[in-house]
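S.K.: Now for the letters of each chain:
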Amino acid sequence: MAILTLAAKSLWNRRLTSALVVFAIALSVILLLGVERLRTQTRASFAHTLSDTDLIVGARGSPINLLLYSVFRIGDPTNNVDWSSYRTLAADPQVAWTVPLSLGDSHRGFRVLGTDRSYFAHYHYGRHQPLQLAEGREFEDLFDAVLGAEVAEQLGYQLGQSIVLAHGAGEVSFALHQDKPFRVVGILARTGTPVDRTVHVSLAGIEAIHADWQSGAPLPGVHLSPEQVRQLDLTPKTITAFLVGLKSKTAIFKMQRQINEFAAEPLLAILPGLTLQQLWSLMSLAENALLVVSGLVVLVSFTVMLAALLTGLNERRREMAILRAVGARPWQIFALVLGESLTLALAGAAGGLALLQGALLLAGSLLETRLGLTIAAWPPSVHELSLLAIVLACGLGAGLFPAWRAYRYSVADGMTIRI
Amino acid sequence: MSPAATVQADASPAILIEGLRFRWRLDRPWVLDVPGFQLAMGERWLLAGPSGSGKSTLLALIAGIQRAREGRVAVLGHELTTLSGAARDRLRADRLGVIFQMFNLLPYLSVLENVLLPCQFSAARRNRAQAMAGSATTEARRLLAQLGLDAPGLERRPAAELSVGQQQRVAAARALIGQPELIIADEPTSALDADRRLDFVTLLQRECANAGAALLFVSHDRTLAEFFDRVVELPAINRIPMLG
Ligand SMILES: Nc1ncnc2c1ncn2[C@@H]1O[C@H](COP(=O)(O)OP(=O)(O)O)[C@@H](O)[C@H]1O
Ligand SMILES: [Mg+2]
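Line by line, the protein sequences give chains A and B.
Count the first sequence with the numbering used here and you get residues 189 to 607, in order.
Count the second sequence with the numbering used here and you get residues 44 to 287, in order.
Among the hints, erroneous ones may be present.
Unchecked claim - The following residues of chain B were derived to be distant from chain A, with all beta-carbon distances above 12 Å: (1) Glu-86; (2) Arg-112; (3) His-121; (4) Arg-133; (5) Gln-173; (6) Gln-189; (7) Asp-193; (8) Pro-195; (9) Glu-198; (10) Gln-209; (11) Ile-227; (12) Ala-254; (13) Arg-265; (14) Glu-276.
To be verified - With the C-beta cut set under 10 Å, the calculated list includes, among others, these residues of chain A facing chain B: (15) Ala-190; (16) Leu-511; (17) Arg-517.
The set of hints was computed from the structure by calculation and includes no laboratory data.
We put the CB at the ideal spot given by N, CA and C, even for glycine.
Here chain A stands alone, though its shape is the one from the complex (with noise of 0.2 Å):
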């Protein structure tokens, strides 16, 4: 306890330096742990954005992609599913629902999807969670929208809100829809998911808008007015893709290889969460390097430690030596300086655990509304703790050596301090 008190006040007598040891460490925790949570709470973000979702078809390409697109609004599809493909195969007699994804339009920034309103009554998103409207109702006519919760807080818009969407997904678009505005008829409550980022139009609608375009252009001297438009036939042709739930969960493989065998066009399916596990597979070589990395960046701060720690030991030899005096055990120098290092890397774990939560605190949300990643700030996780309890190890290790030389001196030098 005395040698505790002492190596605190030594500490304090130094707290430039050890202030600066502290600080490096923290740096390093903070980088260590934020690329952690980073890490773990992306994976449960993205695998609470589906759920219920038995297979999700699109063209045939990459599965990665099609999940990206189909489901996180990252990336564009290559192609389109004919909508006679997809009439097919939702009604076989496997299939329990079907809800058809029409992307590729949007409104300053958020992507808008084209669907119908099987959507709300099948996309779940969490545990089970269904979508719930927070004002107002689901479209119903061709000119209805359906905003998500971001979309509406970020752009402040209400129920009544016109607006105009733009071809292509760019935040600035020069190809406006300007001549058929929609109207916003609900807005979505909040789900932490990139629904919350999306404006939802009947597949009619997106049909409509483009009753008059071609190749993604207008086309020049044909112009309909919404009245107009009202009257064609607005099945559409092609969707991008679409989510499929079946009766029985064992038909799952059987109905992925005879989507994938379909004869009339190329298409694919996917499970979403094995899918998701590819996609973690391929990102853990970065993860990893970031790991490692951020693991050099601790040992690096505790180089730094024994670096401050060893140059001060000299000058201490004095110190050493009227401890021993005054009847200080040789293993209580030792503890003395181990406890030392022990108090920097303490210090620097908790300082980093503090700093990230504070970080995360004013990011947090940043983070959410930019990337859709909500990043709980506490408690941290056990595997967090598990970190953290190695960075001590580290700096207790760090602290033998250190520890081990004023042992030796203290032992070898007598009452004359020859420096």
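Here the structure of chain A is known, so what remains is to put chain B with the ligands in place on it, guided by the hints.
M.R.: Frame of chain A, contents of chain B with the ligands only:
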């Protein structure tokens, strides 16, 4: 080897040395070969000798910081040559006071904390200080006052801020707290000017006399001889001639 590790404490001398031989390392020359030396309880001696003659080495052996493998060093009735390191450390903590040449104090402790340091490492010291004055802190204050260090606020100042003379007196207070039976001082006055030197020696003498502690005081300054019961020249009791 003497079978009696602990002789009756009262009867035994403060320091008893017989046939002691010591060298710091096997590859280094012998520093000490002392056939006999004895300091009785309560006596106060001056140990003189030129620099490098082994005075500090002898004190390290008496303090039990180093151990001789040949011969006999008995301190307050304990055979240091056979005592374990832990037991030597305990003996020193409980019953010895040590004063160095300079830089005696831990710079990051206050004056008062420095004086109380031995009580942190020895319950026996703490208990005796308590028995003397009611509490160890009161006893520390009493000693500081005895040594002329009762200026207001001084006890809370960091030790490093004191003058060398003040530091040495704080070191004396620390050596004296909790009534150790033997004080060993390694040239405690060599960093002081002549006036301060006399002050320090008289103060230390008086406090040792009050506490009944034996004192082995190392100095090469023989003008201090009159203050001591006896002056011992180390070269006279050491058979190893000084090198170079
Ligand atoms: N801690 C030590 N380690 C090794 N050798 C030492 C140590 N202390 C002293 N010596 C050696 O012991 C001899 C006696 O030194 P010392 O006891 O300090 O003499 P004095 O105190 O009389 O000046 C010297 O040769 C010195 O180099
Ligand atoms: Mg000396």
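S.K.: Each hint should be assessed against the structure and marked as holding or not.
M.R.: A quick look at each hint next to the structure:
Distance check for Glu-86 (chain B) against chain A: the nearest CB is about 21 Å away, which clears 12 Å, and the non-interface claim stands. Every C-beta of chain A lies more than 12 Å from that of Arg-112 (chain B), the closest at about 15 Å, which supports listing it as non-interface. No beta-carbon of chain A is positioned within 12 Å of the beta-carbon of His-121 (chain B); the least distance is around 14 Å. Chain A draws Arg-133 (chain B) into its interface by the beta-carbon criterion, the shortest separation being 7 Å against a cut-off of 12 Å.
No beta-carbon of chain A comes within 12 Å of the beta-carbon of Gln-173 (chain B); the shortest separation is about 16 Å. Every CB of chain A lies more than 12 Å from the CB of Gln-189 (chain B), the least distance being 19 Å, so the non-interface label holds. A cut-off of 12 Å between C-beta atoms confirms that Asp-193 (chain B) is not in contact with chain A; the least separation is 23 Å. With a cut of 12 Å on Cβ distances, Pro-195 (chain B) stays outside the contact zone with chain A, its closest approach being about 23 Å.
Glu-198 (chain B), annotated as away from the interface, keeps every beta carbon of chain A farther than 12 Å; the closest lies near 16 Å. Distance check on Gln-209 (chain B): its Cβ is at least 16 Å (rounded) from any Cβ of chain A, clearing the 12 Å threshold; non-interface status holds. The non-interface label for Ile-227 (chain B) is inconsistent with chain A: the shortest C-beta to C-beta separation is roughly 8 Å, within 12 Å. Every CB of chain A is more than 12 Å from the CB of Ala-254 (chain B) (nearest about 17 Å), matching its label as outside the interface.
No Cβ of chain A comes within 12 Å of the Cβ of Arg-265 (chain B); the nearest lies about 21 Å off, and the non-interface call holds. No beta-carbon of chain A comes within 12 Å of the beta-carbon of Glu-276 (chain B); the shortest separation is about 19 Å. Taken as an interface hint, Ala-190 (chain A) checks out: its beta carbon lies about 4 Å from the nearest beta carbon of chain B, inside 10 Å. Proximity of Leu-511 (chain A) to chain B holds as hinted, the smallest CB-CB distance being about 8 Å (cut-off 10 Å).
Interface restraint check: Arg-517 (chain A) against chain B, minimum CB-CB distance 5 Å, threshold 10 Å, status holds.
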